[in-house]
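2 protein chains.
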Amino acid sequence: MTCIITAFAQSPDRGRGLARDMRVRWALEEVGQPYDVRLVTFRELKERAHLALHPFGQIPTYEEGNVALFETGAILMRIAECHAGLLPEEPGARARAIAWMFAALNTLEPPIVEREMASLLERDKPWYAERLPLLDDRVRLRLGELSVRLGDAEWLDGPFSAGDLLMVTVLRRLEGLEILEAYPNLVTYIDRAKARPAYKRAFDAQLAVFTGKVSTEG
Amino acid sequence: MTCIITAFAQSPDRGRGLARDMRVRWALEEVGQPYDVRLVTFRELKERAHLALHPFGQIPTYEEGNVALFETGAILMRIAECHAGLLPEEPGARARAIAWMFAALNTLEPPIVEREMASLLERDKPWYAERLPLLDDRVRLRLGELSVRLGDAEWLDGPFSAGDLLMVTVLRRLEGLEILEAYPNLVTYIDRAKARPAYKRAFDAQLAVFTGKVSTEG
Chain A
2 MTCIITAFAQ
12 SPDRGRGLAR
22 DMRVRWALEE
32 VGQPYDVRLV
42 TFRELKERAH
52 LALHPFGQIP
62 TYEEGNVALF
72 ETGAILMRIA
82 ECHAGLLPEE
92 PGARARAIAW
102 MFAALNTLEP
112 PIVEREMASL
122 LERDKPWYAE
132 RLPLLDDRVR
142 LRLGELSVRL
152 GDAEWLDGPF
162 SAGDLLMVTV
172 LRRLEGLEIL
182 EAYPNLVTYI
192 DRAKARPAYK
202 RAFDAQLAVF
212 TGKVSTEG
Chain B
2 MTCIITAFAQ
12 SPDRGRGLAR
22 DMRVRWALEE
32 VGQPYDVRLV
42 TFRELKERAH
52 LALHPFGQIP
62 TYEEGNVALF
72 ETGAILMRIA
82 ECHAGLLPEE
92 PGARARAIAW
102 MFAALNTLEP
112 PIVEREMASL
122 LERDKPWYAE
132 RLPLLDDRVR
142 LRLGELSVRL
152 GDAEWLDGPF
162 SAGDLLMVTV
172 LRRLEGLEIL
182 EAYPNLVTYI
192 DRAKARPAYK
202 RAFDAQLAVF
212 TGKVSTEG
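Line by line, the protein sequences are chains A and B.
Sequential numbering from 2 applies to the first sequence in the working numbering.
Sequential numbering from 2 applies to the second sequence in the working numbering.
Nothing false has been slipped in among the hints.
In this list, chains with the same sequence are indistinguishable; a pair is considered to hold if it fits within one copy or across any two.
As a list, the in silico SDA-like pairs of lysine to any residue whose alpha-carbon atoms are at most 20 Å apart:
no., residue 1, residue 2
1, Lys47, Arg141
2, Lys47, Arg150
3, Lys126, Asp137
4, Lys126, Leu136
Keep in mind that the hints were calculated from the coordinates and are not lab data.
Produce the complete structure using the sequences and hints provided.
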């Protein structure tokens, strides 16, 4: 059964693949599942029909038969439960890959988003310049720990998993910034992930929404 | 097999049960599983032995036979996989409860922690007073959406689940603050959860570490 996901009708990152639908598109490509996309405007995000699907008025959502989900992490868990390719089968290895999913979303992403929000929303405030080093330090703390743990391994724990997928999409928020480039093994980790055919297909699909070369549901 | 979790040797919240070991203790009490606790000092958190268990030098960790995990969300997933009582069996309902787990950790907790960190680390900065309303607005946005979705239901989606457990422990970070008390249904939701016998046992166990009335592993 083809699932339906939602994505921004107007991509705020201009097709850079940083919106969270990219994470779900990539996961579906990794497991070889087709999907339809319903594009949602910013106004529609806060309307009753979308809030019934997503109580916090965000994208992506995921609909598959009678199952309707929100939260990217939960959508990836669902895809991984139904299809091989995102989580190991051995229960211990599976639990560790899930730990990396949560680490990406709950340990790495919050300080990265906080720094990003400050640069978007507080850049013209008198305190911006003085606060930025504090925010950078919080991000660096986590990048440093992640870099040490990754070492020269290819992926975070054995074969590529949904933990790597989420971690790479979180780290990509810092792409091109000096703060990330201080950790060469993290940069090559991101590049390694972006070389995956499934990543490329997902990236091209979300880019096509921005360039207008897209055919979507119905 | 009795699992071993880690907790702070010196509880920074003075036994209020806001450290993340409370989440794992509560989950283990809900499923009726015994556990041992290893207390870790702040110095030990950053030492090699602990970093091998937890790459980001935090608590809690979870060891059960050959499985060693970090990240509270992943630990709860593991406990829920092995024991009934934290996630529904029906796959769709299970996926929705997992969505609430991620929503608690990835949508509600980040703005709440950001506000908390500002009040802890930036209270003496010249910008603190002007920034606080911005931070409050970000928290209120999510509390408002959550309050609407909860309505007058007992729990977020059917019976009590690990999603409620995580959401309540996240909301408790705001306990006693006006910002939370503006949402009476969230306050009674928290109270309802705190009335659960498993919550009480877990709370008393973490409090005993602070008051010194504790027997821990070996």
